[in-house]
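> In the working numbering, the protein residues as written are 52 to 225.
Quick caveat, the hints were computed from the structure, so don't treat them as lab data.
Quick caveat, the model's predicted, so the values are computed rather than measured.
Cβ coordinates follow ideal geometry from the N, Cα and C atoms, glycine included.
Treat the hints with care, as some may be off.
Unchecked claim - For each label pair, taking beta carbons as the anchor points, the in silico distance ranges come out as:
#, residue 1, residue 2, range
1, 216, 156, 28 to 34 Å
2, 113, 72, 49 to 55 Å
3, 106, 142, 50 to 56 Å
4, 156, 215, 51 to 57 Å
5, 194, 130, 57 to 63 Å
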Amino acid sequence: MQVVERGGIEVREVPEHLLRQFIRGSFDEELINKLDLEKLTDPPSFAELLLLVRREEARRTEKRLRLEKKKEARVHSMTVSKESEAANVKMMEELQARVAKLEAKGQVCAPSTASRPEVKTKVERKERRGKKSIFCFKCGEDGHVANGCEKTANAELVQKKLLQKTLNSEGTPR
Numbered sequence: 052m053q054v055v056e057r058g059g060i061e062v063r064e065v066p067e068h069l070l071r072q073f074i075r076g077s078f079d080e081e082l083i084n085k086l087d088l089e090k091l092t093d094p095p096s097f098a099e100l101l102l103l104v105r106r107e108e109a110r111r112t113e114k115r116l117r118l119e120k121k122k123e124a125r126v127h128s129m130t131v132s133k134e135s136e137a138a139n140v141k142m143m144e145e146l147q148a149r150v151a152k153l154e155a156k157g158q159v160c161a162p163s164t165a166s167r168p169e170v171k172t173k174v175e176r177k178e179r180r181g182k183k184s185i186f187c188f189k190c191g192e193d194g195h196v197a198n199g200c201e202k203t204a205n206a207e208l209v210q211k212k213l214l215q216k217t218l219n220s221e222g223t224p225r
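Make the full structure from the sequences, and use the hints.
Shown next, in the form of structure tokens:
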């Protein structure tokens, strides 16, 4: 303000000179560029400049804290997954030791596949059921239906299959 009192600059030129002085004294080029301070044609008052700078600093601080929080969360999740993996390995080792003890005592026998019925996959069951359970009411052959059949009609075979299907559904052995 002494410069104004001594007549060095006019009062209306103060914001412009303060802005230039701030830009020259700032070591933070990113801040200057982010706020476009060098391109301002109408310089802000000192209070406005201070507000702009503080907002940008607050935005940067929030961003840095968010990044640190994400990094901590990643590190924590990696630590937790390593800990749970170690716990799973320990549990597996304990279970293997218990099984070994039981086998040594003769209390555990190996699973037998001979006593189990043959297990068919869903696709195998569907294929078996689908191909054998449908037959053509025109020609009497398995695996297709009458609306797409181009073969000659065979009423005798159709009646035989219908009779067989009726007997099977009533519980008579095949």
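> Are the hints correct? Go through all of them and say.
Okay, the hints, checked on the actual structure:
no., hint, in the structure
1, 216 to 156: 28 to 34 Å, "55 Å, violated"
2, 113 to 72: 49 to 55 Å, "28 Å, violated"
3, 106 to 142: 50 to 56 Å, "53 Å, holds"
4, 156 to 215: 51 to 57 Å, "55 Å, holds"
5, 194 to 130: 57 to 63 Å, "59 Å, holds"
Of the numbered hints stated above, those contradicted by the structure are hints 1 and 2, listed in ascending order.
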